[in-house]
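> I would like the entire structure built from these sequences, with the hints used as guidance.
There are 2 protein chains.
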Amino acid sequence: MSALPKTLEKIIDSLSSLPGIGRKTAQRLGMYMMKMDDDFISEFASALVDMKDNIYSCSKCNNFCESDICNICSDPNRNMNMICVVENPSDIILFDNTGFNGSFHVLGGLLSPLDGISPEDLSIDSLISRLDGVEEVIIAIGTSVEAETTSLYLVNLLKSHNMKISRLSQGLPVGGQLEYIDQATLEKSFTERVAIN
Amino acid sequence: MSALPKTLEKIIDSLSSLPGIGRKTAQRLGMYMMKMDDDFISEFASALVDMKDNIYSCSKCNNFCESDICNICSDPNRNMNMICVVENPSDIILFDNTGFNGSFHVLGGLLSPLDGISPEDLSIDSLISRLDGVEEVIIAIGTSVEAETTSLYLVNLLKSHNMKISRLSQGLPVGGQLEYIDQATLEKSFTERVAIN
Numbered sequence: 001m002s003a004l005p006k007t008l009e010k011i012i013d014s015l016s017s018l019p020g021i022g023r024k025t026a027q028r029l030g031m032y033m034m035k036m037d038d039d040f041i042s043e044f045a046s047a048l049v050d051m052k053d054n055i056y057s058c059s060k061c062n063n064f065c066e067s068d069i070c071n072i073c074s075d076p077n078r079n080m081n082m083i084c085v086v087e088n089p090s091d092i093i094l095f096d097n098t099g100f101n102g103s104f105h106v107l108g109g110l111l112s113p114l115d116g117i118s119p120e121d122l123s124i125d126s127l128i129s130r131l132d133g134v135e136e137v138i139i140a141i142g143t144s145v146e147a148e149t150t151s152l153y154l155v156n157l158l159k160s161h162n163m164k165i166s167r168l169s170q171g172l173p174v175g176g177q178l179e180y181i182d183q184a185t186l187e188k189s190f191t192e193r194v195a196i197n
Numbered sequence: 001m002s003a004l005p006k007t008l009e010k011i012i013d014s015l016s017s018l019p020g021i022g023r024k025t026a027q028r029l030g031m032y033m034m035k036m037d038d039d040f041i042s043e044f045a046s047a048l049v050d051m052k053d054n055i056y057s058c059s060k061c062n063n064f065c066e067s068d069i070c071n072i073c074s075d076p077n078r079n080m081n082m083i084c085v086v087e088n089p090s091d092i093i094l095f096d097n098t099g100f101n102g103s104f105h106v107l108g109g110l111l112s113p114l115d116g117i118s119p120e121d122l123s124i125d126s127l128i129s130r131l132d133g134v135e136e137v138i139i140a141i142g143t144s145v146e147a148e149t150t151s152l153y154l155v156n157l158l159k160s161h162n163m164k165i166s167r168l169s170q171g172l173p174v175g176g177q178l179e180y181i182d183q184a185t186l187e188k189s190f191t192e193r194v195a196i197n
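Each protein sequence line maps, in turn, to chains C and E.
Take 1 as the starting number for the first sequence in this note's numbering and just add one per residue.
Take 1 as the starting number for the second sequence in this note's numbering and just add one per residue.
Derived by calculation from the structure, the hints in this document are not laboratory data.
Treat the hints with caution; some may be incorrect.
Where chains are identical, the list cannot tell them apart; a pair therefore holds if satisfied intra-copy or between any two copies.
[What the hints assert, rightly or not] Distance condition first, Cα-Cα at most 20 Å in a straight line; then the derived SDA-like pairs of lysine to any residue: (1) LYS6 / TYR56; (2) LYS35 / SER67; (3) LYS10 / MET36; (4) LYS159 / MET82; (5) LYS10 / GLU43; (6) LYS52 / ALA26; (7) LYS164 / GLU192; (8) LYS24 / PHE100; (9) LYS35 / GLY109; (10) LYS10 / SER46; (11) LYS60 / ILE139; (12) LYS10 / SER42; (13) LYS24 / SER90; (14) LYS188 / ILE141; (15) LYS6 / SER42; (16) LYS35 / ASN54; (17) LYS10 / ASN54; (18) LYS159 / PRO119; (19) LYS60 / SER2; (20) LYS10 / SER90; (21) LYS35 / GLY108.
Spelled out as structure tokens, the structure:
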């Protein structure tokens, strides 16, 4: 028989299903939660229930939202003429934190013929329908084979529209020491070198 | 305005209050939870609510439990004549995982005159009331000043009873390399050396 009450075991099991949280960390977190005050836990629990009931996809950009249009698309202070195209809603926070003040568009995945993911499976049509008046589309997806394929596909589709298309720069990470950088990144940083005078 | 729906922000806030989980990890976990299936999340949420409603302290050993007596104290296969004294309920899992098949007693803290924690604040009386027929008490608390003080106090109290009192061994960690071990631990491992022939 387990040394712990069933409810606590259930919480530890749930926590250890999360990415990067092993059994031991889950035990530590579960035990810590036992000591937290009741209000905190009940608010957390009700937020979890609400999450599944109240969060939808933004009808414009596919970001998570609690109404038809997300916080970003409904913000009058944002520049809707710049669209940053990302793979997942979680990527939005990353670029939003950089200070980018335009809008986003979530593809919902990357093209992958091998996995049967074709353009129809991604929110590409809804991106195209948003292009009126747009000055720049920033393709802000990774550098995997799927990301490069998706990027190429998007560029081909977008280049007929009269606007700037850009992608994330590739090169040395900030604070990175040369001796620890892989060869492919080094070559990239060399070919994409930036003039400083 | 935040890029995220309020509910998701609430979940990320809650997660980042947990020990060892920063804002970025909390965001990653929150986003991951969004993708998990509804049943999982609702079970997790209800376990959190149940945790605060249904979990009490065992009236015998102070372990967490869902009834009057915990799973360990009510297990007929355990040797109730050995008591492992620990600081917190969370320590029980650690020693239970070592294969120890006796019972536990949770002190609920350590003596600390500076913080105003005196013997009356700990479950020491209830430990004394359990000593009838007990063959060994293992003091399984840490090696901090408070732990040493508590250990000394307990030994003084217990030595009048006719039974074995032991504490955890101190020395090299398993797999530890000598050059990385601190001086105090090295000295301890030397003075507490164990005969092998």
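> For each hint, tell me whether it holds in the structure or not.
Hint-by-hint comparison with the structure:
1. Taking the closest pair of Cα atoms, LYS6 and TYR56 come within 20 Å of each other only across two copies (12 Å); inside a single copy the shortest separation is 33 Å, beyond that limit.
2. Only between protomers do LYS35 and SER67 lie at most 20 Å apart by alpha-carbon distance; the minimum there is 18 Å, versus 35 Å within a single protomer.
3. Proximity of LYS10 and MET36 under a CA criterion of 20 Å is satisfied in both settings, with 17 Å inside one chain copy and 16 Å between copies.
4. Taking identical chains as interchangeable, the C-alpha atoms of LYS159 and MET82 lie at most 20 Å apart only when both belong to the same chain, with a minimum of 15 Å there against 77 Å between chains.
5. For the identical chains of this complex, LYS10 and GLU43 are neighbours both inside a copy (19 Å) and across copies (8 Å), given an alpha-carbon limit of 20 Å.
6. Taking the closest pair of Cα atoms, LYS52 and ALA26 come within 20 Å of each other only across two copies (17 Å); inside a single copy the shortest separation is 22 Å, beyond that limit.
7. When the C-alpha separation of LYS164 and GLU192 is checked against a cutoff of 20 Å, the pair qualifies only within one copy, where the shortest distance is 18 Å, while the shortest distance between copies is 73 Å.
8. Proximity of LYS24 and PHE100 under a CA criterion of 20 Å is satisfied inter-copy only: 18 Å between copies versus 38 Å inside one chain copy.
9. In this homomeric assembly, LYS35 and GLY109 come within 20 Å of each other (Cα to Cα) only across copies, at 13 Å, whereas the closest approach inside a single copy is 40 Å.
10. When the C-alpha separation of LYS10 and SER46 is checked against a cutoff of 20 Å, the pair qualifies both within a copy, at 17 Å, and between copies, at 10 Å.
11. Within a single copy, LYS60 and ILE139 get their C-alpha atoms as close as 17 Å, which meets the 20 Å cut-off; across copies the closest is 62 Å, which misses it.
12. With identical chains, the CA atoms of LYS10 and SER42 are at most 20 Å apart both within one copy (16 Å) and between copies (12 Å).
13. Taking the shortest alpha-carbon separations for LYS24 and SER90, only the inter-copy value of 11 Å comes in at or below 20 Å, while the best intra-copy value is 26 Å.
14. Taking identical chains as interchangeable, the C-alpha atoms of LYS188 and ILE141 lie at most 20 Å apart only when both belong to the same chain, with a minimum of 17 Å there against 55 Å between chains.
15. In this assembly of identical chains, LYS6 and SER42 lie within 20 Å of each other by CA distance both inside one copy and across copies; the values are 18 Å within and 16 Å between.
16. Taking the closest pair of Cα atoms, LYS35 and ASN54 come within 20 Å of each other only across two copies (14 Å); inside a single copy the shortest separation is 29 Å, beyond that limit.
17. When the C-alpha separation of LYS10 and ASN54 is checked against a cutoff of 20 Å, the pair qualifies only between copies, where the shortest distance is 13 Å, while the shortest distance within a copy is 24 Å.
18. With identical chains, the CA atoms of LYS159 and PRO119 are at most 20 Å apart within one copy only, with a shortest distance of 17 Å there and 77 Å across copies.
19. Taking CA atoms no more than 20 Å apart as the test, LYS60 paired with SER2 passes between copies only; the shortest distance there is 17 Å, against 49 Å inside one copy.
20. With identical chains, the CA atoms of LYS10 and SER90 are at most 20 Å apart between copies only, with a shortest distance of 15 Å across copies and 27 Å within one.
21. Taking identical chains as interchangeable, the C-alpha atoms of LYS35 and GLY108 lie at most 20 Å apart only when they sit on different chains, with a minimum of 12 Å there against 39 Å within one chain.
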